[in-house]
Each structure stands twice: as C-alpha cells, then as structure tokens.
Amino acid sequence: MTQFLFFLAGIGTIAGAVGVVVLRDPFYSVLALVGHLVSLAVLFLLLRAEFVAAVQVVVYAGAVMVLYVFVVAYVGAGSETLGERMRGTGAVGSGLRLGAAILGGALLLELLIALLGTGLQAIDGKGAGYSPGPQAFGTPAYIGKLLLTRFLLAFETASFLLLIAAVGAVVLARRRGGLGEEDEQAALTPLDLLRPRETGTMAEGVGIVRRS
Amino acid sequence: MTPTTFGWLTIAFPLGGTLIIALGYRVLPGRSAGWIGTGAIFLAFLAALGALISLQGHTPAHRQLASSLWSYASTVGIDARMSILVDPLSVFMILVVSGVSTLIHLYSISYMDADRGFARYFSYLNFFVFSMLLLVLAGNFFLLIVGWAFVGAASYLLISFWYRRTTATRAGIKAFVINVVGDVGLVLGTYFIFKHTGTLDFLKAFHATTAGAFGAGSDNGDLVAGCVLLLVGAFAKSAQIPLHTWLPDAMEGPTPVSALIHAATMVTAGVYLIARMHPLFERAPAAQDVGAIIGATTLLVAGTIALAQTDIKRVIAYSTMSQIGYMIMGVSVGAYAAGLFHLMTHAFFKALLFMGAGSIIGAMGGEQSLQKMGGFRKALPFTYGCFLIGGLALSGIPPFSGFFSKDEILLVTGERGGWHWALYVIGYIGALLTAIYTFRMIFRAFHGEPVAEARELEAGHLHHAEVPRNPATGEQEDTDVGFPGPSHVIAERAIPMRVAMGLLALGSIGAGLVQIPKVDFVIDDFLKPSFADSSQYATHTRSGLLVAGLVIGTVVGLAGIAIAYRVWVMQPGTAAAARARLRPLYELFVNKWYFDELIGLLILRPAAAAGRFAAGTFERVVVDDTLIGGTTGLVRAGSAAVRAAQSGFVRYYAALLVLGVTGVGFYFLLQS
Amino acid sequence: MSIAWYLAISAIVFTLGAIGVISRRNPLVVLLCLELMLNGANLALIAFSRMWGNGDGQILALVVMTVAACEVCIGLGMIVAIYRRHLPIDVDELRELQG
Chain Y
26 MTQFLFFLAG IGTIAGAVGV VVLRDPFYSV LALVGHLVSL AVLFLLLRAE FVAAVQVVVY
86 AGAVMVLYVF VVAYVGAGSE TLGERMRGTG AVGSGLRLGA AILGGALLLE LLIALLGTGL
146 QAIDGKGAGY SPGPQAFGTP AYIGKLLLTR FLLAFETASF LLLIAAVGAV VLARRRGGLG
206 EEDEQAALTP LDLLRPRETG TMAEGVGIVR RS
Chain W
49 MTPTTFGWLT IAFPLGGTLI IALGYRVLPG RSAGWIGTGA IFLAFLAALG ALISLQGHTP
109 AHRQLASSLW SYASTVGIDA RMSILVDPLS VFMILVVSGV STLIHLYSIS YMDADRGFAR
169 YFSYLNFFVF SMLLLVLAGN FFLLIVGWAF VGAASYLLIS FWYRRTTATR AGIKAFVINV
229 VGDVGLVLGT YFIFKHTGTL DFLKAFHATT AGAFGAGSDN GDLVAGCVLL LVGAFAKSAQ
289 IPLHTWLPDA MEGPTPVSAL IHAATMVTAG VYLIARMHPL FERAPAAQDV GAIIGATTLL
349 VAGTIALAQT DIKRVIAYST MSQIGYMIMG VSVGAYAAGL FHLMTHAFFK ALLFMGAGSI
409 IGAMGGEQSL QKMGGFRKAL PFTYGCFLIG GLALSGIPPF SGFFSKDEIL LVTGERGGWH
469 WALYVIGYIG ALLTAIYTFR MIFRAFHGEP VAEARELEAG HLHHAEVPRN PATGEQEDTD
529 VGFPGPSHVI AERAIPMRVA MGLLALGSIG AGLVQIPKVD FVIDDFLKPS FADSSQYATH
589 TRSGLLVAGL VIGTVVGLAG IAIAYRVWVM QPGTAAAARA RLRPLYELFV NKWYFDELIG
649 LLILRPAAAA GRFAAGTFER VVVDDTLIGG TTGLVRAGSA AVRAAQSGFV RYYAALLVLG
709 VTGVGFYFLL QS
Chain C
72 MSIAWYLAIS AIVFTLGAIG VISRRNPLVV LLCLELMLNG ANLALIAFSR MWGNGDGQIL
132 ALVVMTVAAC EVCIGLGMIV AIYRRHLPID VDELRELQG
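Protein chains in written order, with our numbering: chain Y, 26 to 237; chain W, 49 to 720; chain C, 72 to 170.
Everything labelled a hint here was simulated from the structure, so no lab data went into it. A portion of the hints provided could be inaccurate.
[As the list claims (entries may be wrong)] Facing chain W, a subset of chain Y residues (Cβ under 7 Å, in silico):
| # | residue |
| --- | --- |
| 1 | 121 |
| 2 | 124 |
| 3 | 131 |
| 4 | 132 |
| 5 | 133 |
| 6 | 135 |
For every residue, glycine included, the Cβ atom is placed at its ideal position computed from N, Cα and C.
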C-alpha cells in the first residue's frame with residue numbers, strides 16, 4: 026500500500042515539477058506547482074511528518090499559491106513561445122539553453138552518485154522506529170514542543186521575518202502619489218523603485234537630468 | 049676687544065644693513081636707505097680697522113686667530129663650525145673690501161638717486177659686502193663655500209638689477225651659471241683636501257699638510273687634483289680663461305656694481321683663495337704652474353680684446369680681466385705679497401675708472417659707446433682728471449701705485465727663472481697693451497672735437513635722451529621700476545660722487561708709497577705672519593733685475609701712451625687704416641677670440657638638443673605613451689575584460705551559481 | 072521504501088528547479104522554479120528527519136517554508152511594481168546592473 030502511494034505521489038511530484046519548467050503559460054505553471062505541492066504533502070505523510078504535510082497544504086498550496094494566482098491574473102500571462110523562450114537575447118540566451126541542460130544533468134548525476142553510490146547504509150533503511158501517542162514523532166504537539174523549547178530563537182526570528190516581509194511588500198507595491206499618475210511617467214528603471222521619493226542621482230540633484 | 053670680536057662685527061654690520069633695508073624699506077623715509085647702507089659698510093670698515101689695530105697688538109707669531117660661534121654639524125668626522133679666521137691676510141682683505149665698498153656706496157647714493165629700485169639696490173649691495181666679508185673671514189672650507197655661493201648670488205642679483213632688460217637678465221644668468229661651475233670645482237677640491245687631512249678647518253688642514261698628510265714629497269696626485277679643482281673655482285670667480293665669458297656681459301649691471309663687484313672685490317676672490325691655500329699649492333707645483341700659465345694667457349688675450357672694444361665699460365672690464373691675470377700669475381709663482389698689493393692698488397684705480405665711466409655715461413644720457421663720445425675734456429674736468437689718474441696708475445707709470453705693484457709681481461716671476469722668463473716677457477707685453485687701450489679710451493672720450501652732448505654740457509645743460517634706450521641693443525625702454533631711472537648724474541654735479549672719486553684718486557696716487565722697493569716693506573711685513581709656513585714668500589730681491597724691471601716698466605708704459613696718442617690724437621685715420629690692413633686680427637679681437645661661440649657650440653647647443661630630445665621625444669613617447677599610457681591601457685583592458693562578466697543578465701548569474709554548486713559537489717565527490 | 076527513494080526524488084525536483092531558473096524568462100516562472108528548489112530541499116530534510124527519528128529536520132522545513140513565503144511576498148511585490156511602471160516582464164530586459 027505504501028509503495029503504491031509512494032509511486033503515485035512520486036510521479037505526481039515529478040510531473041508537477043516538469044510542468045512548472047516546461048509549460049508556456051505562467052498560469053498553467055502555477056497550477057502544475059499546486060499539484061506538485063499536494064503530491065509532496067502526500068510524501069510527507071508517508072514520512073510520518075503529519076504536521077508539516079498539513080502546513081504544506083494549508084500554507085504553501087493554500088496561501089502562497091493563491092497569492093501567485095492573484096498576481097498572475099493581475100500581471101497577465103506574458104506568454105512566450107518556446108522558440109522565443111529558448112532563444113533568449115543574443116548569445117546569452119542560446120548559450121544558456123544548452124548550458125542549462127548540461128548543468129542540470131551534471132547536478133543530477135552528482136547528487137544521484139552521492140546518494141546511491143556512496144554506500145550510506147542508513148539511507149537504505151526505513152528510518153527509525155515509530156510509536157504512536159499524543160506526542161509522537163511528527164504530531165503538532167511534538168513540533169510545538171520543539172519550537173517552544175529548543176528552537177525558540179528560530180521561531181521568533183521567523184515571525185520577525187514575516188513581519189518584515191509584509192511591510193516590505195506593502196512598501197514595494199504601493200502606488201506613488203495618487204491615481205492615474207503613472208500613465209504620464211516615462212519608463213523608469215527598477216532602481217528608481219528602490220529609491221525614496223525625494224532623492225535621485227547627483228545629476229538629478231543639480232538639475233542636469235530631469236527626473237519625471 | 050679682541051680681533052675676532054672685531055671680525056664678527058665686520059660681518060654683522062652689513063648683514064644688519066641688508067636686513068634693515070630689506071624689511072623696512074616701506075617705512076624708511078626718502079633716500080635714507082642709501083645712507084643706512086653706506087653707514088653699515090662704514091661701520092664695518094671701522095671694525096676692520098679695529099681688528100687691524102688689535103691684531104698688531106699681538107706678537108707676529110700669534111697673529112692667526114680663529115673664533116667659532118657654534119658648531120653647525122659635527123658628524124662622521126666632518127666638523128662644520130661657524131668659525132672665522134682673523135689673521136693679517138684676512139684683515140688686509142676686509143680693509144680693502146670694506147674701504148672701497150664704503151666709497152662705492154657713497155657714489156651710488158647719487159648715481160642711483162632717480163632709480164625706483166633704490167632701496168632694493170642698497171639691500172643687495174650690502175648683502176654682497178656681507179658675503180664677501182664672510183668669504184674672506186671664513187675659517188674653514190664650509191663657510192668659505194657658503195660665502196663663495198652667496199657672492200655669486202649677490203652678483204646675479206645685481207647684474208640683473210634692471211630686470212626688465214632682457215640683456216641684463218641673460219647676463220645675470222650667464223654669470224651665475226659659470227659661477228656655479230666654479231662652485232662645483234671648489235666643492236670637489238674641498239673634498240680632495242678633506243679626504244687626506246680629515247678636517248675642514250683651515251689651520252688644522254694646513255698643519256696636517258705640513259705634517260705630511262699628502263705624503264712627504266710634492267705633486268701628490270690627490271693634492272694636485274684638489275688644487276686644480278680649487279683653481280677652477282678661482283678662475284670662474286676671477287674671470288680667467290676659459291671661464292671668463294661672463295665678465296663683459298656683467299657690465300649690464302649699474303656702473304657702481306661693476307665698480308664694486310667686477311673690479312675691486314668679487315673677482316679678487318680667486319686671488320685670495322690661492323693665497324690662502326698657499327700651503328697646499330706649494331706642495332703641488334703642477335697646480336701652481338697651471339695657475340701661472342692661465343693667468344699669463346688671460347692677461348694677454350684680454351689685453352688684445354680690449355684694444356678692439358667700443359663700449360667704454362667693456363674696455364674697463366677686459367682691463368680688469370687682464371689685471372687679475374697678473375694677480376693670479378703673481379700668487380701662483382709665490383709672489384703673495386706682490387699679488388695682494390696689486391689687488392689693493394687695482395681696487396683703487398679700477399673703481400675710480402668705473403666711477404668716471406659712470407659719470408661720462410651720465411653726461412651722454414645713457415649712451416656707452418666710445419664711437420659716440422669725444423671732447424669731454426672741457427665739459428667734465430673732474431671726471432677727466434680722475435680718468436687720467438686712474439689711467440696712469442693702470443698703465444704703471446711711476447709714481448702712481450700701479451707701477452710698484454705690477455712691477456713687483458713681474459720681478460718675482462722673473463726671479464723664479466727657467467720657463468718663467470716667458471711669463472715675464474708676456475707680462476711686459478701685457479703692460480704695453482694696457483697702456484695702449486687705456487689711453488685709447490681716454491683720448492677717444494675726452495680729446496678731439498666735442499660731440500653734441502659735450503657742447504650741451506659746456507653750455508650748462510645736461511643731455512637727456514628723449515626716449516630711453518638699451519645702450520647695447522638700442523631697443524626702447526621706459527623709466528619705471530626695473531629700468532634705469534629718468535635722470536642721469538655726473539660727478540661734477542654730485543658731491544657724494546666727487547668725494548668718493550677724490551678719495552680713490554688719492555689712493556691710486558699714494559698707495560704705492562707703502563711698498564717702494566728697497567725703501568719700505570709695509571705690506572710684506574704685515575702679511576708675513578699669514579705666510580709663515582710658506583717656502584716661497586721671499587722678501588729679498590736681486591738688485592740687478594729690480595732696477596731693470598723698474599726701468600722697463602716705465603719705458604713700456606710711456607711707449608704705450610705715446611702710441612695711443614699718435615694713433616688717436618695726432619693722426620686720427622691711423623686706427624681705421626690699421627683695422628683695414630690687419631682685418632683678420634681685428635676680427636679675432638673684436639669677436640673676443642670667439643670664446644662665446646665656442647662655448648655655444650660645444651656646450652650650449654648639445655645641451656639644448658638634449659633638452660629638446662628629452663622633452664619632445666623621450667617625455668612624449670617613452671614616458672607618456674608607453675609607461676603611463678601602457679599602464680593605464682593595461683588596467684583599462686583588464687577592467688574591460690572583467691566588465692564583460694557583469695552582463696546584467698540574471699539568468700547568467702544563476703547559471704554561474706549552479707555551476708559553482710556543481711563544481712563544489714564534484715570536488716567533494718572526489719574527496720570521498 | 073527506503074529513504075534513498077525519497078532522496079532521489081528530492082534530487083530530481085531540485086535539479087528541475089535549477090534548470091527552470093536558468094532557462095525561463097518570465098520572472099514569475101523563475102520564482103516558481105525557485106519554489107521548486109526549496110521544496111526539493113524540504114523533502115530531503117523531512118526524509119532525513121525520518122531517518123534519524125528526531126524532529127530537527129521538520130522544524131527546519133517549517134522555517135524554510137516561512138522563508139519561502141516571505142520571499143514570494145517580496146518577489147511578487149516587485150513584479151507588481153515593475154508591471155505598474157510599464158516595464159517589460161522579462162529578466163533579460165531588466166539589465167540595469169550591466170557593466
């Protein structure tokens with residue numbers, strides 16, 4: 026039974042991953058990733074990580090991916106043809122097409138050799154023993170206890186990080202100075218986005234270059 | 049007070065004069081800068097007299113006194129102290145220097161009256177006197193070199209005093225550069241002497257030499273080399289061949305400057321040097337011979353050039369060169385007292401001649417060419433009288449002072465025997481030439497038909513040129529600062545000038561009385577303690593040669609005057625006819641034996657070419673293009689190569705990241 | 072199934088993510104592939120946690136998920152801002168850091 030589930034989830038995982046990389050439309054890529062995440066949650070369950078699996082589905086697939094969907098809907102799917110995608114711009118793009126494949130292959134080869142060829146005996150086993158109970162391995166209570174005792178610092182830091190990210194996202198994506206203004210603006214560079222409003226380069230400061 | 053205290057005072061007064069005038073010229077009223085300067089030098093003269101009197105209070109054996117104020121640097125065996133040496137030789141020199149300087153300062157007060165650089169002039173002049181006194185009173189090579197260099201600097205400042213005249217500034221630079229060549233010789237010579245004696249102090253070095261620091265015999269290689277290098281310094285300062293080309297050009301300076309520096313004092317520094325270093329020279333006869341030969345050559349060559357010059361100041365300048373040739377020859381053959389005696393008398397009559405020249409140039413409104421002068425006898429009687437006195441003294445006519453001093457030199461030269469007879473003969477030929485050119489100058493300027501300026505002056509009006517011009521090139525000037533002032537002065541109308549010239553005339557006449565042969569030996573006896581360690585300081589003379597010499601000298605002088613009279617007064621066309629017949633000889637003399645052209649060809653043009661090569665080719669191609677351009681080019685190329693890696697493509701960077709991870713993983717795989 | 076299988080899947084997923092990051096031009100998809108790589112790492116962590124029998128790996132996987140969420144937040148915010156400025160949504164065109 027576990028083996029059957031394993032292969033099912035494994036195929037789903039890899040299929041989702043391939044879909045993310047290959048599919049043209051970003052929307053389809055997002056959907057492929059959602060599938061991948063759910064399959065991954067099943068794999069987590071098979072590894073007795075119940076809480077993490079639940080978190081994966083609820084947070085990752087449920088919140089982060091929904092965010093993605095919203096953004097893709099807003100931005101619009103700038104789909105690129107396969108040829109165009111692979112051609113890239115100039116020598117960099119075409120070189121990278123080949124390079125990506127080679128690099129990926131090399132990386133996979135290395136990792137597989139590392140995993141399977143080194144003769145690590147522990148990986149060949151099924152893992153440590155398992156005894157069910159209220160605070161057994163993988164239960165929320167188990168995780169919670171760990172978080173609040175051994176990994177308190179990581180816990181607090183992670184929450185702080187979330188706060189910063191939220192503030193940062195608001196700052197980055199807000200409108201500047203009222204509605205409809207951006208239509209008159211000339212093409213600005215991304216660096217301008219990171220600048221506070223009244224500053225500029227020295228040339229702009231002395232009035233040589235006008236900042237629109 | 050001790051002699052050395054007087055010595056320090058002698059140096060201190062002119063230094064004080066310089067500083068007061070230089071720092072306070074804005075607050076000094078009217079022409080007081082001139083009187084302050086003159087007063088300072090007069091005080092120095094009094095201090096020199098004090099030194100003389102107090103020195104005579106010592107016994108002859110103890111008349112060489114050194115005094116040191118402080119030690120400037122004392123390391124690695126070099127003892128550089130601020131020390132002066134007061135002995136008869138230096139007292140003699142400071143008396144001559146300060147005495148003649150006082151009179152020249154007095155003369156300058158009138159001469160430079162209308163010049164806008166009046167205070168600057170007196171400050172420079174005082175500085176010069178300070179340097180000369182320092183040079184003469186120096187007690188070790190260190191201060192000697194310092195004084196030597198200062199004197200050269202003062203000469204430069206004063207030659208290019210009228211600094212807006214290009215001819216003057218060029219002359220100043222020429223003088224300074226040639227003087228620097230001499231300075232190098234002096235310093236190198238000092239090194240050789242220091243190498244063997246181990247000390248810079250004069251008395252210690254001389255004692256070491258007598259004790260055998262250079263070996264027992266004579267003509268030690270290092271000693272000869274050192275003495276010859278010292279001679280190079282002496283020749284540059286005293287304008288002897290081949291370092292003489294600066295002296296005629298130095299006539300660009302104001303006439304009192306020519307009188308002081310280039311007649312009486314600075315050019316005599318070389319003579320003083322050889323006399324002071326006599327213990328070294330006496331042990332290097334080869335160097336002495338070099339000095340004697342160069343002195344004789346110079347006196348002959350300069351005499352011939354003076355025959356053909358038309359600028360009155362240049363005639364007197366070449367005359368100076370010639371007379372200093374006598375002095376150099378004198379001290380190189382051992383006639384120390386005679387040479388120094390001639391130094392003193394020459395200072396008197398040469399300064400007198402220059403002062404007279406200044407007067408007649410003033411009467412001509414700034415014009416200096418003999419060809420434009422004539423017949424000033426009635427218009428400038430006092431000047432004429434002074435010129436006559438100076439000219440007679442210069443020509444060696446008894447009983448004027450020049451006669452006694454010049455003949456004594458030639459006497460000692462003849463007594464040395466051997467090949468020195470050639471120098472003896474050259475000396476008398478030179479005396480003949482001296483008489484000829486001196487009276488040529490006098491007859492052309494004062495005899496004959498009065499020129500327009502002379503007639504103007506006889507009528508009572510001093511001539512003024514409407515447009516001031518450079519006397520050498522004729523180009524137009526103005527009378528603002530940097531050029532001579534608007535008005536000119538003549539001796540007949542300025543009391544300070546007449547006082548100075550009168551005193552010098554008295555000196556020219558009477559100075560010979562102190563050393564009449566066989567009658568009194570004031571100079572000989574006075575200087576003897578300085579030359580106690582000399583083997584050549586002989587005071588006895590052979591009567592036969594003595595009388596013969598005196599007679600020949602008189603005859604030669606009178607013959608010269610007679611020739612000049614015939615050519616330039618009685619038959620005025622003779623000079624032009626002689627010029628036409630002896631054309632090549634005349635060309636040689638008028639072009640100063642082509643020394644300037646020779647130096648230009650051998651030294652100046654290669655140097656200029658080297659400079660052009662360095663600036664144009666080497667600097668441009670090697671340094672700018674290759675070294676600097678190459679280095680920056682390399683850096684630019686390198687950074688361009690590196691810049692290519694910053695493509696801005698994010699995917700590229702990601703690919704590099706993954707490549708890195710793969711590489712590291714590969715490495716670890718290999719490890720295990 | 073032995074742990075090695077899970078690790079193999081993790082390796083495959085990670086590599087696929089890496090290839091995607093390098094070869095896709097739409098920044099949204101690049102971020103998605105970045106998520107792929109993070110998930111691959113997560114799987115490896117959980118697998119090892121199971122192997123050793125202690126919860127360290129799971130905690131770390133949770134933290135990784137948190138970080139991934141934050142990073143997605145910021146990244147998407149930037150993409151929105153770029154879109155608002157009418158710039159092309161293409162990593163090859165956004166080359167301000169060139170040179």
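Results for each hint:
no.: 1; hint: 121; in the structure: holds (6 Å)
no.: 2; hint: 124; in the structure: holds (6 Å)
no.: 3; hint: 131; in the structure: holds (5 Å)
no.: 4; hint: 132; in the structure: holds (5 Å)
no.: 5; hint: 133; in the structure: violated (10 Å)
no.: 6; hint: 135; in the structure: holds (5 Å)
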